[in-house]
Amino acid sequence: MISKKTKQLVREGLWTNNPIFAQVLGICSTLAVTNLVLNTAVMCAGLIFTLSLSAMTVSILRNVTPRNIRMMVETLIIAFYVIIIDLVLKAYWPEMSTNLGPYVGLIITNCIVMGRCEACSISNPPKIAFFDGLFNALGYSYILLIIATFREILGMGTFLGYAVPYFSTVWDKWIIMVMPPGAFFMLAIVVWVFRSIKLAGEDKSK
Amino acid sequence: MAQIKNKFWYPVFYMFVVTSLFSAVVIGFAQITADRVQANQQIAFEKAVLSVLPVDLSELKSDLAIHNYFTENVEQPSKETGGAYVIRKNGEVIAYALTMEGQGFWAPIKAVIGIEADQKTITGFYVYQQNETPGLGAEITQESFINQFDEIVIAEGPKSINFKRPSESLEPSEVHAVTGATQTSTRLEKIINDALIQWRVKMKNR
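These protein sequences, in sequence, are chains V and X.
Using the working numbering, read the first sequence as starting at 1 and increasing by one per residue.
Using the working numbering, read the second sequence as starting at 1001 and increasing by one per residue.
Please note that a few of the clues may not be correct.
[As the list claims (entries may be wrong)] Sample of chain X residues facing chain V (criterion: CB under 10 Å; computed from the structure): (1) Lys1005; (2) Phe1022; (3) Val1026; (4) Ile1043; (5) Trp1106; (6) Tyr1128; (7) Gln1129; (8) Thr1141; (9) Gly1180.
Don't read these hints as lab results, they were simulated from the structure.
Here the structure is a predicted model, which means the values were calculated and not measured.
For each residue, glycine too, the CB sits at the ideal point set by N, CA and C.
Work the whole structure out from these sequences, hints included.
Set out below in structure tokens:
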């Protein structure tokens, strides 16, 4: 049975307190990796692994970690999980490791990870911290995948590298969509749309 | 516990213990995967060298077949070949494979270029290690970019191969740069030209 607290964590991570359109965290990676859906998907899988396990580890150590060095310890824990992902990719999926290049390492600097460790894990038990990390990462991931889908189709005429009918032939490809300015446009539109839906839902419930 | 946490030495001791623990796990994991990572890198290199030489790679179905073919047929670099790998038929050189390395936009780029026995005509180009921006600079690994090098002729003078803007028409020793990746293109152009100039000097002085 899913507890009330878990349901609340699901709702907050995916919707009411979504990292991208509510907390506006992790914007750097949102802008950087969303020009290809496959790269975005692997990056999201890496973040889900890192955030959920980092949050749980920070929570396990919270009672013995001195407050004045907690951020150093959090960074160490996050880096530990990211290096593990990097090594696994290099050993078992070298092609993806080559494709993603520096972005795996950059998960360390994703502010959602540190943000959730500071906001939740440092003051909650491991189970809550794990689910908070997991659903925040999932909330981040589905928004990134929406942005990446639009950018890849409009900018390259492909989805997951496969040609999309009409967009790969007739459509005059908007190269700007796979370049950095395209990420700003798409992010602004997605945040605007999702915030409008969220606000409309809140108005109705009043 | 609270009393120990307040001791002045505790943060240093705690950080030392936590760092040692996580580092030990990472080092252990790196040791376990080291052979596999090294083998992946070696195969990636051998594939790169063979892909720029006039070799039918479609007949080499597995990584082991590629490794065996490379070991049996590709001659190691020597002073006689100007530091390039060589493939021969009946003792005559068919083509050279010249490796090159230099700083890209984010990290070092490693590539290999194939040159016919006439020492002028390019037989292929391949980037086997890079960390450029996915979707932009990383396009230097895509067929659309590397296929441009097939059959082009090295020019005399300081620029053996010239990179032109994507909209400009090409001469026999020119290729199109990558759209939206000026830094990567400029740096790769320098890496290629430096390597070719040095190789030609070595071939003259051998």
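Status of the hints after comparison with the structure:
no.	hint	verdict
1	Lys1005	holds, 6 Å
2	Phe1022	holds, 4 Å
3	Val1026	holds, 5 Å
4	Ile1043	holds, 8 Å
5	Trp1106	holds, 5 Å
6	Tyr1128	holds, 8 Å
7	Gln1129	holds, 7 Å
8	Thr1141	holds, 8 Å
9	Gly1180	holds, 5 Å
When held up to the earlier numbered hints, the structure conflicts with none and fits them all.
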